[in-house]
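Trainee: Based on the sequences and whatever the hints tell you, model everything.
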Amino acid sequence: MIRYAWLVPLFPALAFPVIAFITRRLRTLSALVGIGAIAASFVLSLGILWETLTSGVTMEKPVEYALSWLALPGAKDWVLKIEAGVLVDPLSAVMLLVVTLVALLVEIYSVGYMHGDPGFSVFFGYLSLFSASMLGLVLANNFFMMFFFWELVGLCSYLLIGFYFHKPEAARASLKAFVVNRVADFGFMLGFFYLFLMFKTFNFRELAEALPHAPHMGLLAVAATLIFAGPIGKSAQFPLHVWLPDAMEGPTPVSALIHAATMVAAGVYLLARAFVLFASIPEVSLLVAYVGGFTALFAATIALTQRDIKRILAYSTMSQLGYMIMAMGVGSMTAGMFHLTTHAIFKALLFLGAGSVIHALHEQDIFRMGGLAKDMKVTTATFVLGALALAGIPPLAGFWSKDEILLAAYSNGYTGLYILGTVVAFLTSFYMFRLIFVAFFGRRRAGLHGHESPKCMTVPLIILATLTVVAGFIGAPFVPHGFSSWVYFGEPHHLEPNYFVMVTSTLVAILGIYLAWLIYGKEVISAEALAQRWRSIHTVLYNKYYIDEAYLWFFRRVVLGLAEAFHWHDRHVVDGIFDGVGDTVRWSGYRLRYLHSGSLPVYALVFFAAVVVFVLWVATPVIGGIR
Amino acid sequence: MPVWELLSVELLTAFLGLGLLVLGLLVPKGQKRGLGYLAALGLVGIAALAFALREAQGVVWEGYIIDPFGTYFKLLFLFAAILTCVSSFEYIGRLGNGEGEYYALIILSTLGMMILASAGELITLYLGLELMTISFCILATYRRGDMKSAEAGIKYIILGALSSAILLYGLSLLYGSTGSTLIKDISLVVNSGGVTPLMVVGMIFLLGGFAFKMAAVPFHMWAPDVYEGAPTPVTAFLSVASKAAAFAAFLRVFFVALGDSHPLWAEVIVALTILSVVVGNLVAIPQKNIKRLLAYSSISQAGYLLLGIVAFSTLGVGAILYHSMLYVFANMGAFMVATVFYNADKSDEIQDYAGLARRSPLLAAVMLFSLLSLAGIPPLAGFVSKFYLFMAVIDQGYIWLAILAVLMSMVSVYYYLQVVKVMYLGDPPPGRPAIEVPLGVQIALACSLAVLFLFGIYPTPLTNYAFSSAAAFFH
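Which chain is which? The protein sequence lines are A and B, in order.
According to the working numbering, the first sequence is numbered sequentially starting from 5.
According to the working numbering, the second sequence is numbered sequentially starting from 57.
The reader is advised that the hints may include incorrect statements.
Simulated coverage check for chain A against chain B, where a stretch passes if three residues somewhere in it have a Cβ under 8 Å from a Cβ of chain B [claimed, not checked]:
| no. | region |
| --- | --- |
| 1 | 106-118 |
| 2 | 226-233 |
| 3 | 616-623 |
Restraint ranges, calculated between C-beta atoms of paired labels, are given here [as the list claims (entries may be wrong)]:
| no. | chain 1 | residue 1 | chain 2 | residue 2 | range |
| --- | --- | --- | --- | --- | --- |
| 4 | B | S403 | A | G586 | 21 to 31 Å |
| 5 | A | R28 | B | E111 | 44 to 54 Å |
| 6 | A | S72 | B | R200 | 34 to 44 Å |
| 7 | B | K402 | A | G586 | 33 to 43 Å |
In case anyone wonders, no lab produced these hints; they're calculated from the structure.
Quick caveat: nothing in here was measured; it's all calculated off a predicted structure.
Every residue, glycine too, gets a C-beta built ideally from N, C-alpha and C.
Mentor: Here is the structure:
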């Protein structure tokens with residue numbers, strides 16, 4: 005199966021042109037092509053994971069094969085080797101399965117959610133293109149190829165955020181996502197080019213081997229930091245997080261697939277792929293850990309006050325990605341990847357559940373919902389299950405993976421980050437159950453009535469909910485040969501269960517739920533009064549720390565001001581030079597044309613004159629005995 | 057390998073050419089279109105054979121070398137000849153006479169090029185060169201009664217004779233100072249350090265002769281006039297195959313026989329490169345005629361190919377092989393469009409291409425992508441090949457030369473896009489019908505487009521072939 009891993013991205017990659025050029029008019033067929041392709045990839049990924057785990061393929065002994073794409077054979081001192089290759093180890097095998105599984109369920113769900121949309125076929129085309137790019141990114145065996153697909157997923161994200169391009173907010177959001185990611189990707193690109201200059205290779209494994217012989221640790225740290233800019237942008241970490249909440253303007257299945265489960269996790273995946281690079285430089289690891297930890301707290305506090313159901317989930321995603329990045333920073337790739345896996349499942353579940361609500365109500369403000377539990381039983385049950393998992397209630401998936409991260413921080417000596425992580429766990433359970441008590445229970449605040457969504461939407465919810473219950477056990481501490489013996493860095497470390505950490509985080513989560521129930525369920529504590537009491541904090545949080553405004557101010561004042569200056573310079577200086585050069589070029593073209601008089605004797609004369617000049621030039625030194 | 061097997065490609069080509077000549081007399085007027093089909097099919101078969109024999113190696117009668125390098129060029133000539141034949145069916149059919157001879161001449165000139173690419177001896181080399189040149193002289197005048205065609209023929213025959221004379225003089229000087237016409241013997245003499253002034257003169261004469269065929273500045277004066285006047289398919293063939301043949305012969309003589317005197321002629325090549333790249337690209341700007349525009353573009357392409365010679369390395373030779381192969385498809389694509397357009401509208405003026413995109417999306421697309429490939433825009437193959445050529449000179453320390461070449465490539469984008477602008481943004485003249493493209497030409501256009509995209513996106517198969525041929529040739 006592993007030999008055919010290259011087919012995994014190929015199926016959806018072929019589905020895209022088929023939908024775009026052939027089946028576009030036929031909506032049902034387009035959906036079938038998209039779903040069929042990703043289903044084939046899913047089945048293949050299952051086989052690959054199975055073979056990886058049973059045939060002795062480990063992190064140290066991966067399967068790698070590649071085609072040479074561009075090389076410079078016979079060059080004297082320039083080395084260039086760009087490959088199109090596949091690297092299969094437990095890390096990529098797990099990721100393949102996560103991506104294909106979520107993509108498959110989301111595509112099935114979309115049949116119901118996008119029903120009746122004029123861009124139905126195009127939507128499936130984009131989803132296929134996205135899946136192909138994401139799977140290519142996962143399988144890439146070198147930085148160059150990974151960057152190629154990294155840019156492609158960025159493009160798909162742009163196209164899908166702006167799917168409702170006639171809505172000005174959607175168009176703006178897609179542009180914002182694109183521009184912010186551009187900044188980050190530029191850093192990433194510089195970083196791996198820098199690595200290439202140092203080690204003459206893009207290949208992950210060759211880099212890992214060459215790393216101990218790095219010419220200069222300082223330069224290496226610079227390269228690693230630049231590469232980390234990529235995850236900061238793509239995984240929406242502070243300070244480049246601003247695009248993710250706005251990205252919620254895209255259709256909800258897109259938010260579930262791209263902006264919760266897979267693409268935003270690509271940054272975490274990159275950190276895991278290049279883990280050896282970050283692990284070898286403690287300073288950069290520390291930076292990674294604190295950026296992740298800070299984002300986790302920062303995003304969770306913003307989520308406390310938001311009113312839009314998708315934005316709450318978006319900030320929650322950001323916060324959870326912060327957890328994963330923090331895990332990478334404190335040195336536990338296992339914990340980070342495990343949380344990525346479980347988070348992909350329950351966050352996709354939550355987004356699809358939110359989509360089901362939006363599909364029924366055409367409303368996203370939770371304070372205009374309420375009492376939905378009576379109308380939408382399946383959605384409510386699965387959503388609550390997802391929220392419990394996110395809050396970290398045992399024995400659901402989120403509990404095991406979040407615990408792993410907290411334990412890693414605790415046992416690797418990052419006590420500050422451990423406490424921070426525990427606080428975030430409290431905040432998480434509070435804001436999630438605020439959402440649930442307000443939207444699904446209690447009185448109907450705006451008199452809106454929901455209705456349950458069609459089967460093709462509820463079945464994916466049920467499947468994901470089942471997985472949310474089950475998936476945690478693959479990495480639970482008492483399970484032998486579980487997740488930590490597949491995906492690891494260095495030695496497979498099986499952390500002993502630490503009951504102190506477990507009990508604390510569970511208690512904190514229950515406390516969060518209880519508090520949410522007091523305020524929004526039973527309403528014994530008035531939310532209004534609290535907001536009044538701490539009005540300044542509430543306002544700051546509600547306005548997301550004014551980061552967007554700060555960027556806007558910076559953009560309006562500084563960037564546009566500079567732009568004006570550059571514009572003037574461009575118009576008067578650069579244009580002058582270039583117009584001058586261009587005119588000179590054109591003018592000389594017109595002048596030189598007159599050499600071609602069409603007269604035969606002139607042609608012959610030029611020919612002979614040239615020969616004579618060259619003879620004199622070359623032969624004179626020889627005759628003179630100089631050569 | 058027996059001699060007949062080593063020579064099978066050349067023998068079959070000769071047989072095909074002579075056979076067509078005879079058949080041309082037997083086939084009644086009006087059914088001569090079949091000769092064209094026969095020529096194209098025969099060439100396809102020979103190309104398949106040449107591909108099968110691509111690894112063949114051997115020396116025939118001391119002076120005729122069969123090696124992967126030569127066979128690579130033979131394949132290139134065959135591809136160019138096939139595309140030329142396919143685009144000629146309509147064009148030559150309309151001229152109304154001499155169809156059999158036309159295809160025979162195309163194939164005989166191909167034979168001449170093959171001999172040039174394989175010659176390991178100076179007289180053989182000259183024989184191939186003359187076979188090619190004389191065939192082209194006749195082909196250039198094929199539009200009988202057309203003043204421009206006649207002018208093109210006269211100019212080509214007189215200037216071609218001059219260049220042949222110089223070349224032949226060079227060959228005799230080389231023979232006189234080394235005592236042998238065999239390339240391997242000459243290389244032994246040069247190797248032992250015996251460079252005499254007479255030999256240097258001979259070297260430059262040779263260089264002038266080859267540069268004439270390459271259409272490198274300042275030996276390029278004939279090219280625009282001949283390109284403009286000759287029948288369009290002939291121009292296409294002339295611009296790609298005869299140029300590549302000159303490079304093949306040049307590489308064999310200068311890299312093998314005179315390789316050890318490289319420092320002597322290196323600077324001259326640099327001068328030719330700069331002149332070709334600059335003059336070719338600059339003078340292309342004001343051109344109004346598509347064939348003249350492509351003529352200057354082909355002069356600049358000679359300059360880019362010369363970069364590979366400047367590099368004087370395996371990478372450089374490989375880059376020449378790769379670039380010249382893709383140049384065949386890009387340039388033939390553009391010329392095939394010009395041919396079809398001329399058949400429909402009887403014009404080669406760029407302004408008449410206005411609105412071509414609406415009259416025939418296929419023609420406009422092929423022209424667009426061929427020009428973009430010539431300009432070296434990714435993801436087309438021309439980008440990869442220029443990348444290799446530039447890297448080849450950078451690798452040898454000529455960074456400034458690479459910068460100049462890149463700047464001039466930017467200039468070339470300007471005049472290529474001028475054509476594109478006319479085709480896509482211009483309005484078609486009222487009352488002009490959509491252009492019908494014959495099926496054979498459609499297939500040929502689709503093939504060359506596919507090649508440009510395929511080797512632009514995934515160049516490795518062809519680069520591997522080109523670079524292994526180059527490595528075997530240049531130790």
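Trainee: Now look at each hint and say whether the structure bears it out.
Mentor: Hints, one by one, checked against the model:
For the region 106-118 of chain A, the stated coverage by chain B is not satisfied: 0 residues place a CB nearer than 8 Å to a CB of that chain, which falls below the threshold of 3. Only when three residues or more bring their CB closer than 8 Å to a CB of chain B does the claim for the region 226-233 of chain A stand; here the count is 0, and the claim is violated. Look at the region 616-623 of chain A against chain B: 5 of its residues bring a Cβ nearer than 8 Å to a Cβ of that chain, three or more, so the hint holds. In this structure the supplied range 21 to 31 Å holds for B:S403 paired with A:G586, their Cβ-Cβ distance being about 29 Å.
Look at A:R28 against B:E111: about 47 Å separates their beta carbons, and that is inside 44 to 54 Å. Between A:S72 and B:R200 the beta carbons are some 52 Å apart, a value that contradicts the proposed interval 34 to 44 Å. Against the hinted window of 33 to 43 Å, the Cβ-Cβ separation of B:K402 and A:G586 comes to about 34 Å, which satisfies the hint.
Figure legend: structure checked against the earlier numbered hints; hints not met, in rising order: 1, 2, 6.
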